[in-house]
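Chains as they are written, first to last, in the working numbering: chain X, 4 to 384; chain W, 800 to 950; chain D, 85 to 285.
If you're looking for bench data, these hints aren't it; they were derived computationally from the structure. In this text, a Cβ means the ideal position worked out from N, Cα and C, and glycines have one as well. Mixed in with the good hints, there may be bad ones.
Claimed, not checked - Derived DSBU-like pairs: lysine-lysine, alpha-carbon spacing no greater than 30 angstroms straight-line:
hint, chain 1, residue 1, chain 2, residue 2
1, X, K219, W, K823
2, X, K245, D, K164
3, D, K257, X, K308
4, X, K46, D, K236
5, X, K76, W, K860
6, W, K888, W, K860
7, X, K191, W, K816
8, X, K76, D, K137
9, X, K308, W, K887
10, D, K157, D, K193
11, X, K68, D, K117
12, X, K250, D, K193
13, D, K124, X, K314
14, D, K194, D, K157
15, D, K194, X, K339
16, X, K250, D, K117
17, X, K245, X, K76
18, X, K305, W, K860
19, D, K251, X, K46
20, W, K823, X, K188
21, D, K257, X, K68
22, X, K358, D, K193
23, D, K181, X, K314
24, D, K234, D, K126
25, X, K357, D, K193
26, D, K234, X, K339
27, X, K314, D, K117
28, X, K191, W, K840
29, D, K157, X, K357
30, X, K305, D, K234
31, X, K76, X, K311
Said to hold, decoys possible - Examples of chain D residues toward chain X, derived with CB under 10 angstroms:
hint, residue
32, L112
33, I139
34, I144
35, M167
36, T172
37, W217
38, A220
39, E226
40, M230
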Amino acid sequence: MDEVKNINKTNFAEEFVDATEELVLNMGPQHPSTHGVLRVILKLHHEKVVDLDCDIGYLHRGVEKISETLSYKLAAPYMDRLDYISAVSNNLAYIETIEKLAGVEVPKKAQYIRVILTELARISSHLLWLATHALDIGAMTVFLYCFREREEILNIFEMVTGARLTTNAFRIGGLPQDVPEGFEKAVKDFCEILPGRISEYEALLTKNRIWLARTKNVGVISPEDAIAIGLTGPSLRGSGVKWDLRKAHPYESYNEFEFDIPTGENGDTYDRYLVRLEEMRQARRIILQAIDGIPEGDFTAKVPKVLKPPKGEVYHSIEAPKGELGFYVISDGSTKPYRVKIKGPSFYNLQALKKMCLGHYVADVVAIIGTLDIVLGEIDR
Amino acid sequence: MRMKELVSKVLFVDLIKGLSVTFKSMVSHAVTEQYPKERSKIYERFRGEPRMAVDENGKTKCIACNLCAMNCPVGCITVEAERDPETKKRVLTRYVFDMQRCLFCGFCEEICPVNCIQLTTDYEMSQYDRKDFVLELNELEKGMEKIKYKK
Amino acid sequence: MAEEKNKNDSLEKGKAPRKPPKKEEVNLYEEIKDFDTFTKVKEKFADIVLDGKRIREQHIFYIKNENILDFFKYLRDEEKYDMLADLTAIDYPDREKRFAILYNIYSFKKLERLLVRMDIADGEEVETVSEIWPSANWPEREVYDMFGIKFKNHPDLRRILLPEDWKTHPLRKDFDVKNRDQDWMERHLGIREDVNSGEVK
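Just chain X, same shape as in the assembly (with noise of 0.2 angstroms):
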């Protein structure tokens, strides 16, 4: 009889959820949503996240170590496969570590060079993002879309450097060769047709209810936090941050270019998705003014055929397209680095994702790893 008086007064439905046991998910590695080799343990109550943990280093390929035992000049290609989705940019990051260590002078014209080559490297990175963010999300439109101006910027690559995603585009000192004919004209007829295509994708995307559903308000962080975190690039300035290395401490000819730091105010997974199309757009004005003022001279500057630093250690970073891309080099004054450190952003940005999903459902799970835009290559390197 008393069971049955207590099953009467407790309320039923609460009972049931009290008794729910946590769900363990295991998401990845080979979840299409998971950008990579990415493995995520989600703890799950109902649909809401109460706890994860992320599994990395399925990628893991010792490239710091390995980057000992070759000659600084021979290690660069091996940077071009951390970032794969924006090779140019790690290349670059690593051959100006060197040449701040050795003390290289570029000359003028191979920097323009080199800051239009990792223009179109941030807006073809953050157009493949946009495309699987998107198709993450369930725009399958858009991710044609935005391969279809990728397209037009691997061409570029291919032109130039010589391949299309693992460039290998600059060396010590420079660049290998000169640009090749045709190449302004490429690069200005790009410039020409992207501002339309980018409006296309925000008639798509920016009022699309569907969009606005599924990314307002979800994975919001606040400016402290993210800082706190180790957060740079979009996301950081999607919480309102306005920093970017290009401004604050310029490398290249940047500061010779007119630019504007985009930011958003809320910091959720929205604000990020204007703030990289409105990074688009400003790649572009940099492009465009570079092009234009592309200067006469050498495209190299002399350098020894065997480097050999002075003893010594640099750390040295650029804004890569997903954030802060540093190279951290020890020189014992030998041909080969002594230590190597990759700091990669996405290495940084992963550790928010925690931090982001708690008390989020699962679904968004998915949107936030999109939007903080990880690349695992980078990570694990």
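Model the placement of chains W and D on the given structure of chain X, informed by the hints.
Chains W and D alone, transformed into the frame defined by chain X:
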């Protein structure tokens, strides 16, 4: 402002706008290529299949200087040479290029003093067997044997 | 391999090895001048801060492994170095204190970067800074993974990139680049390879 938003929501303005983009692309020409029949333009600088150049007598241009092997980040090139007792010159005896490891970085092509090794614009390099990727000198001079798929 | 061959070749030629012209050793390290933070820190933490150097417009502080939490808290709160951009370690097997830990901190207010270097001996434990900068969580795990340096009070000190039952610490200098944990490979993949030839058995 509120009213305007509500009206646009009820009238599906956002969806119509998006669909107009899709419909526009339906009438524009296709950007895709039908690959084996249509081929996209390959630029001159493309780094594809490696090839060793020969001089006018059909002999290899290679002087066995070993620079390409030293400048390979992955060590996929092996150069074996002997010294000719008469001319005191180094003569190439064996040249092996392991395509499975190649990064296509182009350092070998850049460093070659006689423009012997070149990365050509050929990009179809599939083979049925792993050992077919290890190319000897004669294969490098002629180019890889292409396997044609037959129905 | 290739380099060895080349050495042999140059010997074969019978020429005397060319002596490279003696270059003057360039010393990139300069003394710190007019850096406010350094004078303040040097005063306040005289027993911890050993030295400060400047290299290519970049300040480096050298500290001792004592009460580092107070030191870093001061840097974060008073000097506004609010982001830990990177944390790594370097292995010097010949030195008495084998490892060096490098903190790379950044101030958004001053737009300034600061490197802090700390030498520690093999087996010495380091206080974690993940309480001060949460971003130190993963990099500290990475340093533990790659070098085997343990961090005291770390919330979750596990291997991060390598599998959990892996035995070695690959970024140590005595670990050869071709080396792998053979036991691990035998256990999980059922293969064992010859270290020298790379042949799989």
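Hints versus structure:
1. X:K219 - W:K823: With Cα atoms ~28 angstroms apart, X:K219 and W:K823 stay inside 30 angstroms; holds.
2. X:K245 - D:K164: 17 angstroms, holds
3. D:K257 - X:K308: 27 angstroms, holds
4. X:K46 - D:K236: The given pair, whose Cα atoms are some 27 angstroms apart, holds under the 30 angstroms limit.
5. X:K76 - W:K860: 26 angstroms, holds
6. W:K888 - W:K860: 13 angstroms, holds
7. X:K191 - W:K816: Given that 30 angstroms is the threshold and the Cα spacing comes to 28 angstroms, the pair holds.
8. X:K76 - D:K137: 28 angstroms, holds
9. X:K308 - W:K887: 27 angstroms, holds
10. D:K157 - D:K193: 16 angstroms, holds
11. X:K68 - D:K117: Measuring from Cα to Cα gives roughly 35 angstroms; hence the hint is violated.
12. X:K250 - D:K193: 14 angstroms, holds
13. D:K124 - X:K314: Holds, at about 29 angstroms.
14. D:K194 - D:K157: Holds, because 17 angstroms separates the two Cα atoms, which is no more than 30 angstroms.
15. D:K194 - X:K339: 34 angstroms, violated
16. X:K250 - D:K117: The hint holds at about 25 angstroms.
17. X:K245 - X:K76: Distance of about 35 angstroms is beyond 30 angstroms: violated.
18. X:K305 - W:K860: 28 angstroms, holds
19. D:K251 - X:K46: The given pair, whose Cα atoms are some 29 angstroms apart, holds under the 30 angstroms limit.
20. W:K823 - X:K188: 27 angstroms, holds
21. D:K257 - X:K68: 9 angstroms, holds
22. X:K358 - D:K193: 24 angstroms, holds
23. D:K181 - X:K314: 20 angstroms, holds
24. D:K234 - D:K126: 27 angstroms, holds
25. X:K357 - D:K193: Given pair X:K357, D:K193 holds - Cα atoms ~27 angstroms apart, limit 30 angstroms.
26. D:K234 - X:K339: At roughly 29 angstroms apart (the allowed maximum being 30 angstroms), X:K339 and D:K234 satisfy the hint.
27. X:K314 - D:K117: Within the cut-off at roughly 21 angstroms; holds.
28. X:K191 - W:K840: Distance of about 19 angstroms is within 30 angstroms: holds.
29. D:K157 - X:K357: Judged against 30 angstroms, a Cα distance of about 24 angstroms means the pair holds.
30. X:K305 - D:K234: Answer violated: X:K305 to D:K234 is near 45 angstroms, above 30 angstroms.
31. X:K76 - X:K311: 11 angstroms, holds
32. L112: Cβ of D:L112 sits 4 angstroms from chain X, so the hint holds.
33. I139: 5 angstroms, holds
34. I144: Since chain X brings a Cβ to about 8 angstroms from D:I144, closer than 10 angstroms, the hint holds.
35. M167: Constraint on D:M167 satisfied, holds at 5 angstroms.
36. T172: Since chain X brings a Cβ to about 4 angstroms from D:T172, closer than 10 angstroms, the hint holds.
37. W217: 6 angstroms, holds
38. A220: 8 angstroms, holds
39. E226: 8 angstroms, holds
40. M230: Hint holds; D:M230 Cβ to chain X Cβ min 8 angstroms, cut 10 angstroms.
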